[in-house]
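**Q** Generate coordinates for the entire structure from the input sequences, incorporating the hints supplied.
Those sequence lines, one after another, are chains A and B.
Here the first sequence is numbered in our numbering, starting from 1 and rising by one per residue.
Here the second sequence is numbered in our numbering, starting from 1001 and rising by one per residue.
These aren't lab readings, by the way, just hints derived from the structure by calculation.
Just so it is clear, CB atoms sit at the ideal spot from N, CA and C, and this is done for glycine as well.
Any given hint could be a false lead.
Here are the computed distance ranges between Cβ atoms for each label pair [claimed, not checked]:
{"no.": "1", "chain 1": "A", "residue 1": "N146", "chain 2": "B", "residue 2": "Y1174", "range": "17 to 25 angstroms"}
{"no.": "2", "chain 1": "A", "residue 1": "N146", "chain 2": "B", "residue 2": "E1066", "range": "47 to 55 angstroms"}
{"no.": "3", "chain 1": "A", "residue 1": "V166", "chain 2": "B", "residue 2": "G1226", "range": "53 to 61 angstroms"}
{"no.": "4", "chain 1": "A", "residue 1": "H203", "chain 2": "B", "residue 2": "Y1174", "range": "54 to 62 angstroms"}
{"no.": "5", "chain 1": "B", "residue 1": "H1111", "chain 2": "A", "residue 2": "Q3", "range": "33 to 41 angstroms"}
{"no.": "6", "chain 1": "A", "residue 1": "Q3", "chain 2": "B", "residue 2": "K1047", "range": "26 to 34 angstroms"}
{"no.": "7", "chain 1": "B", "residue 1": "Y1153", "chain 2": "A", "residue 2": "Q3", "range": "20 to 28 angstroms"}
{"no.": "8", "chain 1": "A", "residue 1": "K185", "chain 2": "B", "residue 2": "E1066", "range": "13 to 21 angstroms"}
{"no.": "9", "chain 1": "B", "residue 1": "A1116", "chain 2": "A", "residue 2": "Q3", "range": "51 to 59 angstroms"}
{"no.": "10", "chain 1": "A", "residue 1": "Q3", "chain 2": "B", "residue 2": "K1094", "range": "34 to 42 angstroms"}
{"no.": "11", "chain 1": "A", "residue 1": "V166", "chain 2": "B", "residue 2": "Y1167", "range": "45 to 53 angstroms"}
{"no.": "12", "chain 1": "B", "residue 1": "I1102", "chain 2": "A", "residue 2": "I30", "range": "31 to 39 angstroms"}
{"no.": "13", "chain 1": "B", "residue 1": "P1145", "chain 2": "A", "residue 2": "Q3", "range": "53 to 61 angstroms"}
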Amino acid sequence: MKQSFYLFLVLILLGCENNIEDIYRYSKNISQSKDYPVYLDMSEIGNIQVKDNLPLSAPFKILSNDKYYFVGEMLKGIHVYEKKGGSVSYLCFIECRYIKGFELTDNKLFCNNLVDLVVIDVTNPQQITVLYRQKNQFNKFTSYVNYWNIPYVEGKGIVAGTEVHVLTGTITDKQPNLDFTEYDKLYGNLTTKVIPDSWFSIHPENDKPYIGMIKMGTDEIYTYGSYNSWAISTFRSGTFSVREVDLWATHRTYVPPYYYSNAHPVKMFYQDSLIYILGTGYGNTGYSDCITYNEKYPLTYQLYFPDFRPLDITYMPAMKAFIVLSGQSVWMALKDSGSVYMKKYMDYKTPTDATSIFRIGNKVITLGNELNVYAPTETTLTLVKDYPAISGKSYLLTGDVLAVANVQGLFLYDISNLENIKLIP
Amino acid sequence: MIQMKKICFIQLLLILTVSIFAQSVKEVDLNIEKNRIHSRFDNRKEKGFYSIMQFSLMMGNSRSTERTAYSQEYYTTSQIAAPIYYYPYANTSKAVVPSFTITNGYRFDKHWAAGAGVGYEVFDYNLFPLFAEIRYTVWDNKISPFMVVKGGYSFGNFKSKHYDDLYLNWSPYYLNNAELRHYGGLMFQPEIGVKVPLSENSDLLITAAYRFQETKTIARKDYDAGQFDEWEYNEDINRLSFGIGIMFR
Chain A
1 MKQSFYLFLV LILLGCENNI EDIYRYSKNI SQSKDYPVYL DMSEIGNIQV
51 KDNLPLSAPF KILSNDKYYF VGEMLKGIHV YEKKGGSVSY LCFIECRYIK
101 GFELTDNKLF CNNLVDLVVI DVTNPQQITV LYRQKNQFNK FTSYVNYWNI
151 PYVEGKGIVA GTEVHVLTGT ITDKQPNLDF TEYDKLYGNL TTKVIPDSWF
201 SIHPENDKPY IGMIKMGTDE IYTYGSYNSW AISTFRSGTF SVREVDLWAT
251 HRTYVPPYYY SNAHPVKMFY QDSLIYILGT GYGNTGYSDC ITYNEKYPLT
301 YQLYFPDFRP LDITYMPAMK AFIVLSGQSV WMALKDSGSV YMKKYMDYKT
351 PTDATSIFRI GNKVITLGNE LNVYAPTETT LTLVKDYPAI SGKSYLLTGD
401 VLAVANVQGL FLYDISNLEN IKLIP
Chain B
1001 MIQMKKICFI QLLLILTVSI FAQSVKEVDL NIEKNRIHSR FDNRKEKGFY
1051 SIMQFSLMMG NSRSTERTAY SQEYYTTSQI AAPIYYYPYA NTSKAVVPSF
1101 TITNGYRFDK HWAAGAGVGY EVFDYNLFPL FAEIRYTVWD NKISPFMVVK
1151 GGYSFGNFKS KHYDDLYLNW SPYYLNNAEL RHYGGLMFQP EIGVKVPLSE
1201 NSDLLITAAY RFQETKTIAR KDYDAGQFDE WEYNEDINRL SFGIGIMFR
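**A** What follows is the structure, encoded as structure tokens:
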């Protein structure tokens, strides 16, 4: 009985817990800052116009149709050369600022204008018409590669920078933040027409936006989709359309590109029925994905280079090997017949500063400060002929005619005989 | 300091209580019938004023703060003492709070009475309750149970006090150069007990009660230009109270 009483007493005492509430109040004079985005005014950048002439300084791609050669000038626009007989003459310059990639379907140019995709009618290059502008087309990466995008606000545009504004006032526990309403009105819609210098380095191909553009078939333009996918654009009967094709699409011919989270693509081109995507990773690493035509199952040959970023690549079917330019040398990657990975990598130890490489027959041509013709084997790369007078930063091979662009202009060469390449006057 | 105050207060009241009983011993008239003891006074007034002095001990949990001194350990050849840090943490422990009240009122008949009272109570700080009570007694002239309901307001400090070093049992636990004020709050105390008549004019009261007490404490640090930091600590105290008192009538 006594024990029960004590137990009862202890329970009652334990039940006498107190209810506690803490309240903190304050009043402080503080300064708070707020970052206001500065949006890019595209009115000047988006103004695509024809100019008479502009020096050729950084040609990155050459395309042609029946009448014209189009030479891309990195970040500036497109030089147009008119075909006259067997030679060419400079016609005009189409200014399209921050261009990094373009393609041609008959008489329509698809090109990037910073992050927008623009379709231009170049039937008469001196009187162009902008047919369509797909805003922010090259800035819509999702999932694990969100960081590939340039900051963008829907309806307001690209964020080119921020302005910090400081407000001083009193905050309390009831109003813990200063009222930025007036500042929001003042600074909520800041714009600039200038892109920060830091956005583009001396190698703008490595910088955002990451542009890759190839023509497939007669009029389909393949660009990087939102994530591990193609964005396929067309302009038919006056109507622009774009669709995304991923790995699970029922109708696809080429496997969509794979987006490595620790790397990004730099260059994409189509050659010998292969889509090549060259990219860079952390440090000085690089890769090349070689996407094959295959409707049944994905097939992409993957090359990885731990010590250099590949500048260009070509495929030698007879050797079943890829030949790669590293910037200092020429490398060979021998295919493994049972795998998408390479069986063997080999440095030919052939010093070169060439930036372009391509195949003609069983010969390999490198183009840079000079043009060299090589005969490759699995163990050696033999110089067949060198042409110190031929130099260029980009090329276009059409039949026996090689178009080469350098700072002097566009030059055509007859390459029917690789041991006697002649300038077409 | 508070503990010392409580001990002194309890000792003083125990002495007073014993003294009260000593004075009334002569007037107690006890009848022993069949081994049962009870008091009975047949000629007591049913109506009239009364006065009660009551001493109680309120028991329950109380919040306290441990401050562990921590000396940062590092090796140095200098003679400068290593700094000492305190890590305060709050916990609860059993606490006893003494209470002394004086009540004056009026008995309407042999059962019902009402009055008002004041008191002095030593929680973690002093509170001065001001309350009203309604009292019901079953039998007036013999040993009888009774019930009381008390309600009112307990006052704390009437102005803030400045502290160069202020240690608190609640966050922020320590302030320097700050003001502190205890505000007290509403009180409510239902009580039951046994009344033992001691004489024609006095009764011994033995009580048990539940006590509810609101308290509010504010610590404040003022700066220039109207800036301040203020920490308010509200505690609803629940206590069991056991007391003894004497009623004069």
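**Q** Please write out, lowest number first, the hints stated earlier that are contradicted by the structure.
**A** 1, 3, 6, 7, 8, 9, 10, 11, 12, 13
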